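K.L.:
Note that the protein sequences, when read in sequence, are chains A and B. With my numbering, letter number 132 in the first sequence gets 132, and the count goes up by one each step, no holes. Numbering-wise, my numbering comes out as the position in the second sequence, counting from 1, plus 318.
It should be emphasised that the hints constitute simulated quantities derived from the structure, not laboratory data. Note that the structure is a prediction, hence the values are computed from the model and not measured. Mixed in with the good hints, there may be bad ones.
Claimed, not checked - Stretches of chain B that chain A covers, calculated by requiring three or more beta carbons in the stretch to come under 8 Å of a beta carbon on chain A:
1) 514 to 525
2) 651 to 664
Claimed, not checked - Computed list of lysine-lysine pairs in DSS-like fashion (alpha-carbon distance at most 27 Å, straight line):
3) A:K282 x A:K93
4) B:K727 x A:K316
5) B:K727 x A:K93
6) B:K545 x B:K573
7) A:K244 x B:K727
8) A:K282 x B:K545
9) A:K244 x A:K93
C-beta: ideal position from N, C-alpha, C; glycine also.
Residue strings, one per chain:
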Amino acid sequence: MQICGTDFWVTLINLLSNTLEFAAPLTLGALCGLFCERSGVVNIGIEGLMLTSAFFGFIVGSYSQNPWVGIIGAVISSVVLSGLHAVLSIRFKVDQIISGTVINILAVGLTGYLNRLFVDSGTLPAAVTLPKLGIPGLDQIPVLGALFVQPPITWLAVILVLVANYVMYFTRWGLRTRAVGENPGAADTVGINVYFMRYANVLIGGAIAGLAGAYFTLESTGTFETGMTHGSGFIALAALIFGKWTPLGLWGAALLFGLSQGLSITFQALQQSSDCQFGVSKDVLVMLPYILTILVLAGVVGRAVAPAADGQVYEKGR
Amino acid sequence: MEDQSISQSAPAAEEADTSQSRGLSAGVDDQLAPSTGGGKPRPSRSQAIFSALHSLLVPFLAVVTALLIGGVVIFISNVISPPVSTSPLYGNSPFNLTLRAYQGLWVGAFGSFDNISATIVTATPYIFGGLAVALGFRAGLFNIGVEGQIALGSLAAAAVGFNPAFAGLSPWLLVPMCLLAGCLAGAIWGGIPGLLKAQTGAHEVITTIMLNYIAIQIVSVVVNAVKPGNGQVRTPDISLNAHLPVLIATSTGLKQIHLGPIIAILAAIAVYWLLWRTTSGFELRTVGTNPSAARYAGISVKRNIMLAMALSGLLGGLAGAVEVTGVNFYHSQGFSAGYGFDSITVALLGKSNPFGVVIAALLFGALKSSAPSMQFYAGTPQDVVSIIQALILLFVAADEIVRYIYRVKSRGEEKVVLTRGWGG
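Build out the structure end to end from the sequences listed, making use of the hints.
P.N.:
Structure follows, in structure tokens:
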């Protein structure tokens, strides 16, 4: 079966493979939000965490000439920055949405400045990227096999969804996290350290957002550009809300957003051939994920219920 | 001068608060007591001035701290990668270069009449943008979409300005048409998230960000459709009749003070008047401080959310329109980048007070317009200014840090409810 000069099945598998890959940073970003918000800390700084870790992943990866070391650099930078968010919103009781905005603005300034310093100096070693990994056996299937050859962070996103689901619902840690996010006063009464749980979960979230950032430079493009995350952190937040603050739900939402990005790419590719014009401009296709995000939010938020103490400062003894 | 404008406005604001809220509804007044100070006796004039000065202390210290840390950043980057340049001004130690960077910042902002003019002209969009965000904050809404609103405001104004059908119109007609087009585009783009928030509860933080990206694509579509043949991705030049009049010329003819700064000051006065002298403004602020109380008092929360977002967007659109008709004379892709986040910082630094916003915007205008001079004096990348801005925001938002460092006690000042969580 042919479509626009290419094999339909190849196109379809390509689309699904792209979907899985594009969904990875959104999934990881949303998982960052999950750990933060389930413990009661709203984090709209995910975009900034991603941007910063994308930059540091790129720099560390380039200088070490090892993308795996680059991932570690990305994760550490993101954990440090999310530590700032934690201190601001937990210790200094800053409005958490403002604190997240501080993270976002700081990330733009910091990466722009450092990028200028490093890249303009012209001494940067060649960029490195992560290799694609295939699942042995499954990647040998004709046509369909392409779906099972993905870069490591894309695999990691899938694995972390399952891990997060287990941690949140089947471990003591998850129960305590949810308790702190729903009713910190009650959690405190039974001896759970609210501040510790919140700090720890924000930092865990930061580490996961670091992986999302690493995706952009080490897996997707191989180089850093200013503002290269293009709002993915906010789309990830929408995925978190759409997924009703559950790991599996947010994964589904991230896949949906990933699909819309994949469709946008597929249509752009199909329109390359002259006998296959849909008359839709590239700009309109690029808008697709953003419009979908708004529609999803408008359609679902009224029914989605956030953790009860989400965004609220906890003060012991009040 | 800075101190005066605030000290005069603050007591006036309080006065308006008490009289308005008493006149309207005693029940709501009780609910709002912490923010309006309704029950307390009126402070004497000297007390009021002292308290206003005191409330300026923390933002001032925040700016000083941000500049100090910015200095450390410049110093470290001078050590790590010494600035490369052939200018005779260089060849100094990292420390001297850091001082030079700040000298450059000062000279670039206030060193000459032309530089002061550039500072004021650069500050103008920040006044509008800061007012847009501040107005939202007062109604409990967080408009991160100023960037998109500026982009579409600028595009709409340019579209009217370069339209050959209007080119022959008198400036008295064409300039207001351009500005109105910008306002309308901004109000629509701000109104959409307002509508979505009011009707469906979709949080404006995410919807406004998404609309920013959509605006970028819309601009791209339009600009690519109308771009002049010279390879530049921008709209054609607007008609000369669409230019804002220049009030004070500069020797270079660049960044001359046009009517825009005056419009911006008028906008600040209008926002102040709306918020503290009218019933609608009282309703907006009540929805902002306590939506339940507002609902109880019979104020339509939905209507006010939509109104606040549309007005906020209108101010953003006006910022774009004024830039097109006063400075750029065409709309180019990417012109609005960064204005959205900077406007948030300006609004927070100005404590969501229209006159505070004007002062904060002047500071931002000074920082932005003097960045090239800093680079010339000391080879510091201009991007360091965005780090300083982020640090200012950090210390303004987390005023507890500043209070902690300088041991400034809180005096129970007015706290504006800025935003609300996902719930509602």
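K.L.:
For each hint, tell me whether it holds in the structure or not.
P.N.:
Status of the hints after comparison with the structure:
| no. | hint | verdict |
| --- | --- | --- |
| 1 | 514 to 525 | holds (count 9) |
| 2 | 651 to 664 | holds (count 5) |
| 3 | A:K282 x A:K93 | violated (44 Å) |
| 4 | B:K727 x A:K316 | holds (21 Å) |
| 5 | B:K727 x A:K93 | holds (16 Å) |
| 6 | B:K545 x B:K573 | holds (24 Å) |
| 7 | A:K244 x B:K727 | violated (41 Å) |
| 8 | A:K282 x B:K545 | holds (17 Å) |
| 9 | A:K244 x A:K93 | holds (26 Å) |
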